[in-house]
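Enquirer: Read top to bottom, the protein sequences are chains V and W.
Just so we're aligned, residue 130 is where the first sequence starts under our numbering, counting upward by one.
Just so we're aligned, residue 1261 is where the second sequence starts under our numbering, counting upward by one.
FYI, nobody ran anything at the bench for these hints, they're computed from the structure.
Ideal placement from N, C-alpha and C gives every residue a C-beta, glycine not left out.
Heads up, some of the hints might be wrong.
Which stretches of chain W does chain V cover? Using the computed rule of at least three CB atoms under 8 Å from a CB of chain V, they are [stated by the list, open to error]:
(1) 1307-1313
(2) 1363-1369
Below, in silico cross-link-like pairs of lysine to any residue (SDA-like), each with a Cα-Cα straight-line distance of 20 Å or less [what the hints assert, rightly or not]:
(3) Lys1406/W x Pro1276/W
(4) Lys1406/W x Phe256/V
(5) Lys161/V x Ala194/V
(6) Lys1406/W x Gly250/V
(7) Lys161/V x Asp1329/W
(8) Lys161/V x Ala203/V
(9) Lys161/V x Phe1332/W
(10) Lys1406/W x Lys161/V
(11) Lys1406/W x Gly252/V
(12) Lys161/V x Gly1393/W
(13) Lys1290/W x Glu1359/W
(14) Lys1406/W x Gly229/V
(15) Lys1406/W x Ala1341/W
(16) Lys161/V x Lys1290/W
(17) Lys1406/W x Met1261/W
(18) Lys1406/W x Asn251/V
(19) Lys1290/W x Ile1372/W
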Amino acid sequence: MQRYSVGGRMNAATGATLNDVASQLWNPSSTKSIFVAEIHFTKTTATGDSHGLQRSSARGATPGATVTPDADNAYSRQATPPSATVLELANFGTEPTLAGPEIMRTSLPAAIGSGFSWIFGNGQPGFGIEVPPGTGLCVMVPEIGTEVAIQISDAIYVWDE
Amino acid sequence: MQEYRVAVNMPVVSSPPEIQSVFWNPSSTKSVFLTHFSLHKWGGAGPSCGIVRVSTEGTPTSTVTPGQDNSFSRDAAPPSAVRVAVADFTAAPTEQGPELRFRPGDLPGSMIEFELDMFEVPPGTGLAFKHMGGTTQIMAAVYGWKE
Chain V
130 MQRYSVGGRM
140 NAATGATLND
150 VASQLWNPSS
160 TKSIFVAEIH
170 FTKTTATGDS
180 HGLQRSSARG
190 ATPGATVTPD
200 ADNAYSRQAT
210 PPSATVLELA
220 NFGTEPTLAG
230 PEIMRTSLPA
240 AIGSGFSWIF
250 GNGQPGFGIE
260 VPPGTGLCVM
270 VPEIGTEVAI
280 QISDAIYVWD
290 E
Chain W
1261 MQEYRVAVNM
1271 PVVSSPPEIQ
1281 SVFWNPSSTK
1291 SVFLTHFSLH
1301 KWGGAGPSCG
1311 IVRVSTEGTP
1321 TSTVTPGQDN
1331 SFSRDAAPPS
1341 AVRVAVADFT
1351 AAPTEQGPEL
1361 RFRPGDLPGS
1371 MIEFELDMFE
1381 VPPGTGLAFK
1391 HMGGTTQIMA
1401 AVYGWKE
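Extracted from the complex, chain W is given alone in its bound form (with noise of 0.2 Å):
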């Protein structure tokens, strides 16, 4: 099992509560499992956050497609072909069940962290950042998983 990490900048979204970003693993066979997702703010006053499960990866405005070089092998680019979706979305990803709520710091270069063990992505779904409400913001965000 090789792991992986990819940061994505996610420019501010235009109307929250709204997805910010999607971890989205479109394999129709394999699982990917995430250990370590963090936030991290450039700009002050911080926004609710939430983590949620996606089954639709929504129209995203671009994407981050992680290759050979986010593998820290460098031996090969993710066999599931994971890829971040970043917003705006034009058509907005489908939630399942409850947020995992935070509230980062209001201080730039705040950060929340957390390293998880093994969080199963099936295939054909996704984990989604989503700005709850409050300031937007500019901030990034580092999925690392492994499969």
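Isolated chain V (complex conformation) (with noise of 0.2 Å):
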């Protein structure tokens, strides 16, 4: 099992609707699990902003930005991931569909560089947050009475396959 990470910027705001979603790492595979061991933001305008986390079971479209990962990315640099993990950013064309209630949640302050790290299974190698093929992870706009926009973050995953 390998370690991967990859970062991207997002490349707008998301709208200040309920489940819009900032960041998605989506695994295309069809046979290969991965495992996400961290998440990381940090936010670069000085606006407060509230993230939740929920798994998607379709991609969406048209994100504003995506990074594919090579093995460049890969700890070992030895390959690149096999199940072709990309990390998309904000703003979505046609929003990923979330499913099941959201995993974590957090609330950020109005300070630039203000971020959060989360860390699954301890961080160790296969023990995070299990992503099946042709599904993925999202951070995204949570219910907090009246939703406010996810400003624009640098995002890093974490993860092993």
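Please dock the two separately framed chains into a single complex, following the hints provided.
Expert: Shown next as structure tokens:
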């Protein structure tokens, strides 16, 4: 099992709409699961926002930016991700289809550089959140009464496969 | 043993001290083991907070029921059928024992996180987050557990 990380910047803020997706790590494989060990977000604007984490069952379309990791994103630098996993970033023309209740939640203060780090399975290889073939894991706008847009941020996902 | 997490939005309670959410284990046979609890604030001035065991779920305004998608492995919904009940409660849960007290910061976006070493929640009991006093706030809670 190899460890990979990939990062990218949102092209635009999300809408101030429940379930608008800021970033999605999408596993397009038809056979291989991946295991997400870490997610990190840091903000580029001084406006408060809130973040949730949900699975996605459909990819959506036309993200604002896409980052395709290759062998340079492997900690060992030995191989491109076998799953062909990609990072997609807001704003989406067609939002991903979210599945199930939220897994994580946080809010950030109105300060540039504020952020969060979510670590799963103690960061151990293979103990993170499993993302089965043809599904994804999204940071999205959660319910907080009156929803607020997720500001333009840098996103980093770390996973094993 | 599978690992699960679920996040809930907790509306403002009407008259603290008052329970704002309950992680409830309705199983008659299975214990669950809490590994993570975190509180995330959207508003400014922080309330005083507590965590307390409860022996009844109470009557909540809404309930979030985690499913297969809340499993780290995405294999199955929680066998215990654990759910999170959310304020306001028209019938308050029955508290057991003293609270574990803490006070988050006054800044929007401040948070408190506990990583727990398999804190057992026996069948037919729960663990509640309690707004102890001070400014009422919309907050979010994340419960993580194994079963």
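Enquirer: Now tell me, hint by hint, if it's right for this structure.
Expert: Hint check:
{"no.": "1", "hint": "1307-1313", "verdict": "violated (count 0)"}
{"no.": "2", "hint": "1363-1369", "verdict": "holds (count 3)"}
{"no.": "3", "hint": "Lys1406/W x Pro1276/W", "verdict": "violated, 31 Å"}
{"no.": "4", "hint": "Lys1406/W x Phe256/V", "verdict": "holds, 13 Å"}
{"no.": "5", "hint": "Lys161/V x Ala194/V", "verdict": "violated, 24 Å"}
{"no.": "6", "hint": "Lys1406/W x Gly250/V", "verdict": "holds, 11 Å"}
{"no.": "7", "hint": "Lys161/V x Asp1329/W", "verdict": "holds, 17 Å"}
{"no.": "8", "hint": "Lys161/V x Ala203/V", "verdict": "holds, 17 Å"}
{"no.": "9", "hint": "Lys161/V x Phe1332/W", "verdict": "holds, 16 Å"}
{"no.": "10", "hint": "Lys1406/W x Lys161/V", "verdict": "violated, 25 Å"}
{"no.": "11", "hint": "Lys1406/W x Gly252/V", "verdict": "holds, 16 Å"}
{"no.": "12", "hint": "Lys161/V x Gly1393/W", "verdict": "violated, 49 Å"}
{"no.": "13", "hint": "Lys1290/W x Glu1359/W", "verdict": "violated, 24 Å"}
{"no.": "14", "hint": "Lys1406/W x Gly229/V", "verdict": "holds, 18 Å"}
{"no.": "15", "hint": "Lys1406/W x Ala1341/W", "verdict": "holds, 12 Å"}
{"no.": "16", "hint": "Lys161/V x Lys1290/W", "verdict": "violated, 32 Å"}
{"no.": "17", "hint": "Lys1406/W x Met1261/W", "verdict": "holds, 6 Å"}
{"no.": "18", "hint": "Lys1406/W x Asn251/V", "verdict": "holds, 14 Å"}
{"no.": "19", "hint": "Lys1290/W x Ile1372/W", "verdict": "violated, 28 Å"}
Of the hints listed earlier, those the structure fails to meet are numbers 1, 3, 5, 10, 12, 13, 16 and 19, in rising order.
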